[in-house]
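J.: Protein chains in written order, with this note's numbering: chain A, 1 to 342; chain B, 343 to 684; chain C, 685 to 1026; chain D, 1027 to 1368.
Hints may contain errors.
[Unchecked claim] Just some of the chain C residues that point at chain A, by a computed CB distance under 10 Å:
1. His730
2. Lys865
3. Ser866
4. Lys868
5. Pro869
6. Ser879
7. Leu915
8. Arg920
[Said to hold, decoys possible] Ranges between beta-carbon positions, derived for each pair:
9. B:Ala428 x D:Gln1113: 55 to 61 Å
10. D:Glu1292 x A:Lys184: 35 to 41 Å
11. C:Glu944 x A:Ser37: 54 to 60 Å
12. D:Ala1089 x A:Glu260: 38 to 44 Å
13. A:Pro273 x C:Gln948: 58 to 64 Å
14. B:Ala366 x D:Ser1088: 54 to 60 Å
15. D:Pro1078 x C:Thr725: 52 to 58 Å
16. C:Thr725 x B:Ala446: 46 to 52 Å
17. A:Gly300 x B:Ala448: 20 to 26 Å
18. A:Ala24 x C:Gly724: 49 to 55 Å
19. C:Glu748 x A:Ala104: 54 to 60 Å
20. B:Ala446 x A:Ala104: 49 to 55 Å
The hints are simulated quantities; they were obtained by calculation from the structure and are not laboratory data. C-beta: ideal position from N, C-alpha, C; glycine also.
Protein chains: 4
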Amino acid sequence: MTVKVAVAGASGYAGGEALRLLLAHPEVEIGAVTAASSAGTPLGQHQPHLVPLAGRNLQETSAETLGGHDVVFLALPHGHSAEIAAQLGPDVLVVDLGADHRLASAADWQRWYGGDHAGTWPYGLPELPGAREKLAGTKRIAVPGCFPTGGTLALAPALAAGLVRPEVTITAVTGTSGAGKSLKPHLLGSEVMGSASAYGVGGAHRHTPEFAQNLTAVAGVPVTVSFTPVLAPMPRGILTTASAPLAGETDTAAARAVYEKAYQAEPFVQVLPEGSWPVTSATLGSNNVQLQVAVDVDAGRLVVVAAIDNLTKGTAGGAIQSMNIALGLPETTGLPTVGVAP
Amino acid sequence: MTVKVAVAGASGYAGGEALRLLLAHPEVEIGAVTAASSAGTPLGQHQPHLVPLAGRNLQETSAETLGGHDVVFLALPHGHSAEIAAQLGPDVLVVDLGADHRLASAADWQRWYGGDHAGTWPYGLPELPGAREKLAGTKRIAVPGCFPTGGTLALAPALAAGLVRPEVTITAVTGTSGAGKSLKPHLLGSEVMGSASAYGVGGAHRHTPEFAQNLTAVAGVPVTVSFTPVLAPMPRGILTTASAPLAGETDTAAARAVYEKAYQAEPFVQVLPEGSWPVTSATLGSNNVQLQVAVDVDAGRLVVVAAIDNLTKGTAGGAIQSMNIALGLPETTGLPTVGVAP
Amino acid sequence: MTVKVAVAGASGYAGGEALRLLLAHPEVEIGAVTAASSAGTPLGQHQPHLVPLAGRNLQETSAETLGGHDVVFLALPHGHSAEIAAQLGPDVLVVDLGADHRLASAADWQRWYGGDHAGTWPYGLPELPGAREKLAGTKRIAVPGCFPTGGTLALAPALAAGLVRPEVTITAVTGTSGAGKSLKPHLLGSEVMGSASAYGVGGAHRHTPEFAQNLTAVAGVPVTVSFTPVLAPMPRGILTTASAPLAGETDTAAARAVYEKAYQAEPFVQVLPEGSWPVTSATLGSNNVQLQVAVDVDAGRLVVVAAIDNLTKGTAGGAIQSMNIALGLPETTGLPTVGVAP
Amino acid sequence: MTVKVAVAGASGYAGGEALRLLLAHPEVEIGAVTAASSAGTPLGQHQPHLVPLAGRNLQETSAETLGGHDVVFLALPHGHSAEIAAQLGPDVLVVDLGADHRLASAADWQRWYGGDHAGTWPYGLPELPGAREKLAGTKRIAVPGCFPTGGTLALAPALAAGLVRPEVTITAVTGTSGAGKSLKPHLLGSEVMGSASAYGVGGAHRHTPEFAQNLTAVAGVPVTVSFTPVLAPMPRGILTTASAPLAGETDTAAARAVYEKAYQAEPFVQVLPEGSWPVTSATLGSNNVQLQVAVDVDAGRLVVVAAIDNLTKGTAGGAIQSMNIALGLPETTGLPTVGVAP
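Generate the whole structure from the sequences, applying the supplied hints.
T.: Okay, structure coming up:
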């Protein structure tokens, strides 16, 4: 099988990462690469690491340029992907790396993003219970946010097993590429190097309702989420530290057993050996999630730490994993399980 | 007044920072600078930024070399400072930057550090209620750990005011100098650059009982502390994110008012204007603490973010602030309130 | 003496550094702080490290707001400073941190910057022969570019002593703040972290004629300069590596002697002990220049390495050093000789 | 064809990178992985990014453990590889990533490394004239040093074409992994982050004779090399800036043409489009070399800038490229041409 794939938003970080991975995918042929203000310039000017595509010209993002492909990746600002997606035929597999089709609740959409809710698509986090069934054969995929990818996988087994009470706190340390290639002063190298900062504190980050939606579905009861993102001086990677009060007596060994069982068949999730803690660089460029778990008896809490690459498993890798399922390909096709370190 | 100050452990990061600040202190004359394995070599070889002291030779750390000074700073591994301190006369002001004299409970000391408990000295966090009284005129100061400095100041006002329940979670993102100049593989530049990692998770970090001791004293009831340190790719800085369940209904404005009142007279603590969030680089090299507060209504939690320089306010700057109080000098003497940024 | 100083361009990196240093200057009172698009906003929003000035409001940059001061620092884009300076009275000491008044040759100005040449002011590199005489009592100072500061001091003694032929190559590795707070994609943290890149290669960088002007004056014969700047992932610092063919037989000891003699009376220049090589972090935040010299017998070249902080000695610190001379103050007043490391 | 490959020194950076690439090589089966002090521990403890090999135990490095493989990679300190290689049979393809077999001159070996010269093996830089012939079918490969890889490819076309005089200067900015996983104070994260430094200045770096050997062979006349390495705060990457005096009149277009012709058939070398300059992050994790060229008319010099990943093309990728040639496989087998950015 060869599927022809277009990537919209190819000059940005998410689009670039999609292309990097698609270049290594044995069943994919890369078709149109499109952009907004950079249309008309060669891709190599924006993504000099994508050597085999350096000479490709960026086209305008439109239903015309994206038409005629089997799969279309949309790496666009929220609002834009819904607009474009609505113009693409029902037989095209549309993979939305943006936020437009993640939330089930129109009220949540309204509160956090504003404007009309574009509807809800099958959610591209295959490791969640029931997700693979919804993704198989689908023509529309909502790729999760990078923070909810790490945080949901960190907490889902504990909530599903009733190990913890449904009141979770998450602090996630992220590399700067999560903010995109936006020309904002606080994202300048001079500002981020040598510095850590928090933002979207106190429930203000738009990934909060997505966390709650995922974790509530897993727990079967409403889960409250206190989420704090921290910007750290690194281009890639998310280190999620999550905790919740224990529901009853337990210890680290028992908690580890729950996680090992939950993820034993997962090709991209590694519960690390006892005594090893996740390091984001070990996942760099790979589709892996590395996890470790501890019970803090004194504090009465379960603590979970998870490392991912925000652009790979957290965005474009997760997207291709879901695409593989939708197309009936082996789920791991073309996806790296080896990181680039140091 | 000119006080003669010796610094033991002058080749390390804490000792170097003490010297950097003491060089700018108008009432201080720097006496002996001592080290262990580096004794006999010039200080400039280890601390090339301390230009006025570059030619000074490091002496052995001993009661002899440290004798004859008005003040002795001990920047030594735990255990060593208690041993040396025991040999210094009662008229010498001994400022211990290590852990030996921080914990009040011998059982805690035994559990977290092992060996004999050396006793408890006045605790060098002047912003805590009652601390200045204990520090005035003292001849022995236990300088707080870098994490407890940020986390205690982040949570104390809320616990003292009864805003939150005594169950706190703290995730603190630290620069690598907090781990000292230790030759460990995970501290190599190749390992830490581009990467974040957690350690001492699940209540395993030795600063946990110090947090609990401080916060319990402030709250008046036992406080449980879930503490997770994260190593980030930067030399200096700690960004503390702390949260706790609200004790009753409140909002961000009310919480901010509590913090502004608590810190209005503090020369080194800034509650930032609404909408501004702390950035560690803004505190670099200064003795400042920058704070911001939010109430997360959905999650029912208060969230506090604090930025410090782990080596300045978190170690050597806090030490000098306490020394000033002990000596009867104006508390801010010689301490920078301006950071070095970008 | 108290001089009232205004800073134009106070929201940028050069202006911020000037304010950081001026805050510690015992003879200075800070007057107006001005900006362009940020006028009307508090300084603390742009420079959160300048705590004592956090509440100051940025004014518009104009002859009115800058009037009534003893000294005016201009940290403005080239062209703008000449325009503003022309409106300031002859009794005001104007310190131009920009390029407008550095070049002596109108043809050079035309070629490298374009537009009218605004004239040539006394050049603020006091360590150059004859510079202090021109700066004493002057009311106009052209602050050198950051690259020419490091490179000129690295090569001047060798050229003055005839150690080398007048054909020099300079590669200077710079932190990102040298490029200012410009919103350009290649200056984003995601782009610069983990990466080195060259720019302005092949004689295309505007500092090239300034190098040639300085070195030709010192050598007494025309000096050709091959200059390559490299952007490295750090906020501050310039490491200059410079070399030139030996004019005759010599060795490292003889070359070191030339440098030690040239700089022995300089308060801010340190020729490091044999075997030590400059590290930019050792100069961070200080007005120091750290130098080392070697003769490569096989290649027949003298190699010099110099470290500075591009914002301090390379911009605002050098500016204040020259201001001190112009005002008749001790040259080192208010300027740090101790770096902030690690 | 499936070749069984052992890697000695598998706990270090060069060995880890070899394993990362070999895992993706379709004709390779990974056999023994060996180490010195880490023997007996699981590989995952040292290389957590090599997920498929995480459970493999490190064996002792010896002729026994390395026996029975088709190919043996030696990533060992100099001296050790010669010692082990001498014990491996003549039918085993031995790929030495260390220095032992690079230099042709025993006198050079003696001067720069000391001890007995182990002999000279075919040099693994296929892009050099005549190199592929010597590598085809060989059983012994000397992999080039990381600096000579970038610098030789940067200068060879110009020297071969007689564009420049044989007196070159090279300043190469390197990431820290080039120094290996050595526990030295100056390689600690706290020291390298935010800082640039030079080392091995004045012809003191051991790669200097290797440069001279390569470039002299290409030029046909003795080439003098002034080489200055600079350590920059990034884990990977080398940005080489090289220059030499022009031999006659030329311009940038003509020089570019020489380079484009020299490298037009090379699968891993890209002469960038005019106006684009190399950025190391674009080559991260790939076997690519990205180059740009300029003629500086004023200075009368050709300037070349080259970016590589020091661990990939600079070490393990170059090694596998040469292995492919030696084994008669297509040269590009298993080697990435797409970098991981940002």
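J.: Provide an ascending list of the numbers of those earlier hints which the structure does not satisfy.
T.: none
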